[in-house]
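2 protein chains.
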Amino acid sequence: MTISMSSASLPVFQTALTNLSHLLAKGQAHADAKKFDSLVLAQYRLAPDMLPFTRQVLIACDAAKLCVARLAGLEAPKFDDTETTLADLIGRIQKTLEWLQTVPASALDGTEAKSITFPMGKDKTRTMLGEDYLKHWAIPNVFFHVTTAYVILRHNGVDVGKGDFLLGSNA
Amino acid sequence: MTISMSSASLPVFQTALTNLSHLLAKGQAHADAKKFDSLVLAQYRLAPDMLPFTRQVLIACDAAKLCVARLAGLEAPKFDDTETTLADLIGRIQKTLEWLQTVPASALDGTEAKSITFPMGKDKTRTMLGEDYLKHWAIPNVFFHVTTAYVILRHNGVDVGKGDFLLGSNA
Numbered sequence: 001m002t003i004s005m006s007s008a009s010l011p012v013f014q015t016a017l018t019n020l021s022h023l024l025a026k027g028q029a030h031a032d033a034k035k036f037d038s039l040v041l042a043q044y045r046l047a048p049d050m051l052p053f054t055r056q057v058l059i060a061c062d063a064a065k066l067c068v069a070r071l072a073g074l075e076a077p078k079f080d081d082t083e084t085t086l087a088d089l090i091g092r093i094q095k096t097l098e099w100l101q102t103v104p105a106s107a108l109d110g111t112e113a114k115s116i117t118f119p120m121g122k123d124k125t126r127t128m129l130g131e132d133y134l135k136h137w138a139i140p141n142v143f144f145h146v147t148t149a150y151v152i153l154r155h156n157g158v159d160v161g162k163g164d165f166l167l168g169s170n171a
Numbered sequence: 172m173t174i175s176m177s178s179a180s181l182p183v184f185q186t187a188l189t190n191l192s193h194l195l196a197k198g199q200a201h202a203d204a205k206k207f208d209s210l211v212l213a214q215y216r217l218a219p220d221m222l223p224f225t226r227q228v229l230i231a232c233d234a235a236k237l238c239v240a241r242l243a244g245l246e247a248p249k250f251d252d253t254e255t256t257l258a259d260l261i262g263r264i265q266k267t268l269e270w271l272q273t274v275p276a277s278a279l280d281g282t283e284a285k286s287i288t289f290p291m292g293k294d295k296t297r298t299m300l301g302e303d304y305l306k307h308w309a310i311p312n313v314f315f316h317v318t319t320a321y322v323i324l325r326h327n328g329v330d331v332g333k334g335d336f337l338l339g340s341n342a
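In order, the protein sequences belong to chains F and B.
Our numbering applies: residue 1 is where the first sequence begins, and numbers increase by one.
Our numbering applies: residue 172 is where the second sequence begins, and numbers increase by one.
For the record, the hints were derived by calculation from the structure and aren't laboratory data.
Please note that a few of the clues may not be correct.
To be verified - Using 30 Å as the maximum straight-line C-alpha spacing, the simulated DSS-like pairs for lysine-lysine come out as follows:
1. F/K162 to B/K295
2. F/K162 to B/K205
3. F/K162 to B/K249
4. F/K26 to B/K295
What the hints assert, rightly or not - Computed beta-carbon distance windows for the label pairs:
5. B/D203 to F/A33: 51 to 57 Å
6. F/A25 to B/Q265: 38 to 44 Å
7. B/A258 to F/A105: 43 to 49 Å
8. B/T273 to F/K78: 44 to 50 Å
9. B/A196 to F/K35: 43 to 49 Å
10. F/T18 to B/L245: 44 to 50 Å
11. F/F36 to B/M172: 48 to 54 Å
12. F/L39 to B/D251: 25 to 31 Å
13. F/A33 to B/E269: 34 to 40 Å
14. B/R297 to F/L74: 18 to 24 Å
15. B/Q265 to F/T127: 41 to 47 Å
16. F/M50 to B/T273: 24 to 30 Å
17. B/D203 to F/L167: 26 to 32 Å
Claimed, not checked - Now the stretches of chain B that chain F is said to cover, found in silico as 3 or more residues with beta-carbon under 8 Å:
18. 197 to 209
19. 217 to 226
20. 318 to 330
Note that the Cβ used here is the ideal one computed from N, Cα and C, for glycine as well.
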């Protein structure tokens, strides 16, 4: 098999989000063991003007979902961003993974040169070709937010290492 | 053009490392403006048992270099890991980028099913197929370490945002 737009996107996002769910479970277990409310982790930021942990997870989910939807020309399910607890966030990841599983590889393959226009901030858009959008926008974004979530947990004493970040990559 | 092992690797790594160099330059400018020694940033860790900033940068560089070398069957240049300052690290990124530029796309294309064996820790190895190694190991690793370096700077008040992390992605 040669690499394709589907093989370079779906399994990458599915693995990253599965690993993120695993990191969240370790965060919850740590809070339980130390007897503190895991909302402290969910609301934690590493700088006062940086997004909190919850938003890191939501954006990772949406970056993957929206990339696949835009490339495939599908309507992605809209979620309400009401998640507050780590358990809620694990549920959001699960819903995202379930939707990704419904997308056929054939809807993604051949979209290298498809023009993808997406919102940038409040009132701007950006247009990139499909392959560039995948590899220079969506994939970096997903890993940016999964890693930032990881670092927040790591900074707070959760026993995670790079093996947890790469856990699902047993390909 | 269809996506290929070269198009899914070289430009992704080149862009990530170029953006990392830009982040380092912003870290140095911040230290200069605030009149503190930028070695504080270079040695900073977000947990006592986590690798410092310098190592995050070196590993990002090596993960990209070694992935390309292994897929292409080339000998990568060895660097001595003697970098201590942000300027040293910018030089290391530059040397890595210069080597990546010498690798022809043809050496990477068609390596999807090539068996790649690489060291894991001190006395183990792991074997993955080329495409899996690229997308489930090397790319996540590079973004893991670039993002961790970013978060260290962000945590220390350097004026960086996601636009800086994605700066070179003007594809």
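Violating hint indices (sorted, rising): 2, 5, 10, 12, 13, 14, 15, 16, 17, 18
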